[in-house]
Amino acid sequence: MNRREAWRARALGLLALALMLAPLSLLWTVFGDGIGVLDWQFLLAEPEQAGRSGGIGPIIVSTALVLLICMSLAVPLGLGTALFLVEQVRPEGRLNLTLQWALDGLGAVPSVVFGLFGYRLFVVELGWGYSLLAGGCTLACMVLPLFIRGCEQALRDCPQSYRQAAAGLAISRVGYLRRILLPFAAPGIAAALVLSAGRALAETAVLLFTAGYVMRWPESLFDSGRTLAVHIYDLAMNVSGGSPASAATALVLLGFALVIQLLAWQIGKRPLSFAR
Amino acid sequence: MTASTQPPSLSIQNLSVHYGEQGALLGASLDVAAGELMAVVGPSGCGKSSMLVAVNRMTDLTPGARVSGRVLIDNQDVLAGAVDVQALRRQVGMVFQQPNPFPLSIAENILFALREHGVRDKCELHGRMEQALQATGLWNEVRDRLHKPALGLSGGQQQRLCFARALALEPRVLLLDEPCSALDPIASATVEGLIDSLKGRYTLLMVTHNLAQARRLADHVAVCWVRDGCGCVLDSGPACELFESARDPQAQRYLNGMLC
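Protein chains in written order, with this note's numbering: chain A, 1 to 276; chain B, 1001 to 1260.
Hints were generated in silico from the structure; no laboratory data involved. Fair warning: this is a prediction, and the values are worked out from it, not measured in the lab. Beta carbons are placed, not taken as given, at the ideal position from N, Cα and C, and that holds for glycine. Misleading hints may appear alongside valid ones.
Distance windows between CB atoms, simulated [said to hold, decoys possible]:
| hint | chain 1 | residue 1 | chain 2 | residue 2 | range |
| --- | --- | --- | --- | --- | --- |
| 1 | A | Trp7 | B | Lys1148 | 40 to 50 Å |
| 2 | B | Ser1197 | A | Arg90 | 36 to 46 Å |
| 3 | B | Ala1080 | A | Leu182 | 27 to 37 Å |
| 4 | B | Gly1127 | A | Leu43 | 51 to 61 Å |
| 5 | A | Arg90 | B | Asp1228 | 24 to 34 Å |
| 6 | B | Leu1072 | A | Leu121 | 51 to 61 Å |
| 7 | B | Arg1253 | A | Asp157 | 52 to 62 Å |
| 8 | B | Asp1228 | A | Gly93 | 26 to 36 Å |
| 9 | B | Asn1140 | A | Ala22 | 24 to 34 Å |
| 10 | A | Gln266 | B | Ala1182 | 31 to 41 Å |
Cut-off 20 Å, straight-line C-alpha distance, at most; resulting in silico cross-link-like pairs (SDA-like, lysine to any residue) [to be verified]:
| hint | chain 1 | residue 1 | chain 2 | residue 2 |
| --- | --- | --- | --- | --- |
| 11 | A | Lys269 | B | Gly1152 |
| 12 | B | Lys1199 | B | Glu1178 |
| 13 | A | Lys269 | B | Leu1151 |
| 14 | A | Lys269 | B | Glu1124 |
| 15 | B | Lys1122 | B | Leu1146 |
| 16 | B | Lys1148 | B | Phe1112 |
| 17 | B | Lys1199 | B | Ala1212 |
| 18 | B | Lys1148 | B | Glu1170 |
| 19 | B | Lys1122 | A | Gly175 |
| 20 | A | Lys269 | B | Lys1122 |
| 21 | A | Lys269 | A | Cys158 |
| 22 | B | Lys1148 | A | Ser224 |
| 23 | A | Lys269 | B | Pro1149 |
| 24 | B | Lys1148 | B | Gly1137 |
If the Cβ cut is set under 7 Å, some of the chain A residues that face chain B in the computed set are [to be verified]:
| hint | residue |
| --- | --- |
| 25 | Arg90 |
| 26 | Ser161 |
| 27 | Gly168 |
| 28 | Ala170 |
| 29 | Ile180 |
Work out the full structure, taking the sequences as your base and the hints as a guide.
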């Protein structure tokens, strides 16, 4: 390595460190502000005084429910659509071009527009009112384009030679999907899942006018409920003296994201035999 | 199609394959006697592989592919609409140019296909797997690591596993698409020995670019060529005769290594 390359390597290393500083300092701030408030009581209790004191128990439950509704709709629909695109639609056909165009278009729509759509369809037309169900369904619509795209890419990465081999051995389509294609695409599908769940977790605008912002314990899916992101937003913007609780809630949200990441990592592990 | 253990005769009559507007093969005819090996040779792009994939109807998978003519296996036309394609592909095994074992364990590569075809009994599954691995000379090399990834095998071993996987389904015809061209000379020789051992028990149709290999292995040879931008069969006949004196002068020159 000559001197010039050494300098370049050092400069890139410094740049990498500097880039890491941004998220680290962010974490540090949130951690410093929030850790003092965070205890078991905070995780389990109901909020008091608009969230200044008390805990975030109902909010954790609402978040989990909204996310569960969102992902249990988005995963089968999204994976099904991706499989349809990859397996069934001719790549150069008009249907494929139209669908790709629609997906890209939907993916670029600002989330608040999805919120308006969800409000109109689920809250008003279907008469569900401000509810966890309406929020979850709207979030599912919002993350679907992203999830479908991720899954589609993962499925397309599977080598054609496996498909040829399966066809040559007269292996059924279901057998090929179950034993070859889906295990091969599992890591990519898991990555799409993390991205989609992350986006759903971070969402506030959409939920304000679909799931609402009631802080009570939810008793059914038709109850209004407040998610962690909405709670953070509300505490930070509307409640004076809400910052410590807001930071502590942010820590819990980070915990949520971490758990999803770990789960996806488990799902996405390729079977050992896929190794070379 | 009748289930019999005797290898069938294979007759290709006036076979044409088109991809969209582009013709790949035009009016090809050749006959493979039961249990014999027919080598198909010729320059790239002369429709050899298209001929092969028409026999087990893999052309069905290519959008825009059209096949006309007749492909008779024991006098039954496999191109007829009513043919059960899955049953056909069980009878007609195929091995590809690049070894393409599934990313599963060595054992699962064979067991997966067997299970897919309804074999459930554990003894039978294991028996047929061992038999197929014995037939390809792999058994002694892999018996201690049946549950290790198939992708960890060497190229030649992978290709023999692909043969074993095809043989386990007890086909009657085997289509070989340049089965040695991606292998080193030693692995290639092993696979050649394997192909030689299959003659008599299966009817084989093999595409190859290696004229010496065709001369060593084939009972019959067909020479394909490109005419007017479309592949066709120039000449075919018993290997020894054709290499000595092909009727078609172009085929004669090609078989003698004079390529232009």
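Now the hints, each set against the structure:
1. Between A/Trp7 and B/Lys1148, the C-beta spacing of about 46 Å keeps the proposed range 40 to 50 Å intact.
2. Checked against the given bound of 36 to 46 Å, the beta carbons of B/Ser1197 and A/Arg90, roughly 42 Å apart, stay inside it.
3. Distance hint for B/Ala1080 and A/Leu182: a CB-CB separation of about 34 Å, consistent with the stated range 27 to 37 Å.
4. Distance hint for B/Gly1127 and A/Leu43: a CB-CB separation of about 58 Å, consistent with the stated range 51 to 61 Å.
5. Separated by about 29 Å at the C-beta atoms, A/Arg90 and B/Asp1228 satisfy the suggested range of 24 to 34 Å.
6. In this structure the supplied range 51 to 61 Å holds for B/Leu1072 paired with A/Leu121, their Cβ-Cβ distance being about 59 Å.
7. Between B/Arg1253 and A/Asp157 the beta carbon distance is about 45 Å. The supplied range of 52 to 62 Å is therefore violated.
8. In this structure the hint that B/Asp1228 and A/Gly93 lie 26 to 36 Å apart at CB holds, the actual value being about 30 Å.
9. Distance hint check for B/Asn1140 and A/Ala22: the Cβ-Cβ separation is about 59 Å, which falls outside the suggested range of 24 to 34 Å.
10. Taken as a hint, the range 31 to 41 Å holds for the pair A/Gln266 and B/Ala1182, whose Cβ atoms sit roughly 36 Å apart.
11. With a CA separation close to 19 Å, the supplied pair A/Lys269 and B/Gly1152 stays within the 20 Å bound.
12. A C-alpha spacing of about 17 Å is found between B/Lys1199 and B/Glu1178, which places the hinted pair at or below 20 Å, so the restraint holds.
13. For the hint linking A/Lys269 to B/Leu1151, the alpha-carbon distance of about 17 Å falls within 20 Å, and the restraint holds.
14. Note on A/Lys269 and B/Glu1124: the hinted pairing is violated, with a Cα-Cα distance of about 32 Å set against a maximum of 20 Å.
15. Among the hinted pairs, B/Lys1122 with B/Leu1146 is consistent with the structure: their alpha-carbon atoms are about 15 Å apart, no more than 20 Å.
16. Using a Cα cut-off of 20 Å, the hinted pair B/Lys1148 and B/Phe1112 holds, with the two alpha carbons roughly 15 Å apart.
17. Restraint check for B/Lys1199 and B/Ala1212: satisfied, since their Cα atoms lie roughly 18 Å apart, inside the 20 Å limit.
18. Using a Cα cut-off of 20 Å, the hinted pair B/Lys1148 and B/Glu1170 is violated, with the two alpha carbons roughly 24 Å apart.
19. For the hint pairing B/Lys1122 with A/Gly175, the CA-to-CA distance comes to about 19 Å; that is within 20 Å, so the pair holds.
20. For the hint linking A/Lys269 to B/Lys1122, the alpha-carbon distance of about 28 Å lies beyond 20 Å, and the restraint is violated.
21. With a C-alpha separation of about 16 Å, the suggested pair A/Lys269 and A/Cys158 falls inside the 20 Å cut-off, and the hint holds.
22. At most 20 Å may separate the alpha-carbon atoms for a hinted pair to count; B/Lys1148 and A/Ser224 exceed this at roughly 53 Å.
23. Taken as a hint, the A/Lys269 and B/Pro1149 pair is honoured in the structure, with Cα atoms around 15 Å apart against an allowance of 20 Å.
24. Restraint check for B/Lys1148 and B/Gly1137: satisfied, since their Cα atoms lie roughly 18 Å apart, inside the 20 Å limit.
25. Taking 7 Å as the C-beta contact cut-off toward chain B, the hint placing A/Arg90 at the interface holds, the least distance being around 5 Å.
26. Interface hint at A/Ser161: satisfied, since its Cβ lies 4 Å from the closest Cβ of chain B, which is below the 7 Å cut-off.
27. With a least beta-carbon distance of about 4 Å to chain B, the hint placing A/Gly168 at the interface is held under the 7 Å criterion.
28. Residue-level restraint check for A/Ala170 holds (minimum Cβ-Cβ distance to chain B is 4 Å; threshold 7 Å).
29. Interface hint status for A/Ile180: upheld, as the beta-carbon distance to the closest one in chain B is roughly 6 Å, under 7 Å.
The structure shown violates the earlier hints numbered 7, 9, 14, 18, 20, 22.
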